[in-house]
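**Student:** Protein chains in written order, with our numbering: chain A, 34 to 149; chain B, 5 to 117.
Treat the hints with care, as some may be off.
[As the list claims (entries may be wrong)] Listed next, the in silico BS3-like pairs over lysine-lysine satisfying Cα-Cα at most 25 Å (straight line):
{"no.": "1", "chain 1": "A", "residue 1": "LYS42", "chain 2": "B", "residue 2": "LYS46"}
{"no.": "2", "chain 1": "A", "residue 1": "LYS90", "chain 2": "A", "residue 2": "LYS103"}
{"no.": "3", "chain 1": "A", "residue 1": "LYS104", "chain 2": "B", "residue 2": "LYS83"}
{"no.": "4", "chain 1": "A", "residue 1": "LYS90", "chain 2": "A", "residue 2": "LYS104"}
{"no.": "5", "chain 1": "B", "residue 1": "LYS72", "chain 2": "B", "residue 2": "LYS83"}
{"no.": "6", "chain 1": "B", "residue 1": "LYS73", "chain 2": "B", "residue 2": "LYS46"}
Hints were generated in silico from the structure; no laboratory data involved. Bear in mind that the values here come from a model prediction, so they are computed numbers and not experimental data.
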Amino acid sequence: NAGVTQTPKFRVLKTGQSMTLLCAQDMNHEYMYWYRQDPGMGLRLIHYSVGEGTTAKGEVPDGYNVSRLKKQNFLLGLESAAPSQTSVYFCASSYRDRGPGANVLTFGAGSRLTVL
Amino acid sequence: EDQVTQSPEALRLQEGESSSLNCSYTVSGLRGLFWYRQDPGKGPEFLFTLYSAGEEKEKERLKATLTKKESFLHITAPKPEDSATYLCAVHVRSNFGNEKLTFGTGTRLTIIP
Chain A
34 NAGVTQTPKF
44 RVLKTGQSMT
54 LLCAQDMNHE
64 YMYWYRQDPG
74 MGLRLIHYSV
84 GEGTTAKGEV
94 PDGYNVSRLK
104 KQNFLLGLES
114 AAPSQTSVYF
124 CASSYRDRGP
134 GANVLTFGAG
144 SRLTVL
Chain B
5 EDQVTQSPEA
15 LRLQEGESSS
25 LNCSYTVSGL
35 RGLFWYRQDP
45 GKGPEFLFTL
55 YSAGEEKEKE
65 RLKATLTKKE
75 SFLHITAPKP
85 EDSATYLCAV
95 HVRSNFGNEK
105 LTFGTGTRLT
115 IIP
């Protein structure tokens, strides 16, 4: 049982480059989320999805885009990376027992991104 | 603005030395409070959910409690494998129906053998 799998685990980008982080879950969860974690700050929600084909903005969406073409996958894209996007990114998923902020989250292991 | 504050930032304990971690919150419309454990280089792992003041939950050496203003994570006779960062998060639902989960910055717990 893999749970939530993120790829890649590490990536170094130059300012202005683009990239996509991939998240896959095998638990048949309806909801999926992308968070970023920075030193001295709590996890902050970037975007989330309540179902296949739907996405919504979270707390810090600027500079990111997402897509959920399949229920099990949630992609996070950076079109033009900036040093301020250096962070550890976590994907999470949950069942649809309650609203998007209320469910127990299962997290992936994280993707560490450095933008030079 | 909703705020979640965890204290202390870091805590070092001897093996077997019991203590408590604090999560205080200033929010309106609290719907639930979550505790997660995060090991270095890994994602957070769910521990507990508390929904109402007075509620308590236990798991092995950990017990979580909730009041109207704060939550405590009590750790009894900790072992080195309990070393981790412990995160709390509050679920809030506004009058407009918007839901939000706000995380604290965590307490880094180190248990010394």
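**Student:** Against each hint, give a clear statement of whether it holds in the structure.
**Tutor:** Hint-by-hint comparison with the structure:
{"no.": "1", "hint": "A/LYS42 <-> B/LYS46", "verdict": "holds (11 Å)"}
{"no.": "2", "hint": "A/LYS90 <-> A/LYS103", "verdict": "holds (18 Å)"}
{"no.": "3", "hint": "A/LYS104 <-> B/LYS83", "verdict": "violated (40 Å)"}
{"no.": "4", "hint": "A/LYS90 <-> A/LYS104", "verdict": "holds (18 Å)"}
{"no.": "5", "hint": "B/LYS72 <-> B/LYS83", "verdict": "violated (30 Å)"}
{"no.": "6", "hint": "B/LYS73 <-> B/LYS46", "verdict": "violated (29 Å)"}
Hint compliance for this structure: hints 3, 5, 6 are broken, all remaining hints hold.
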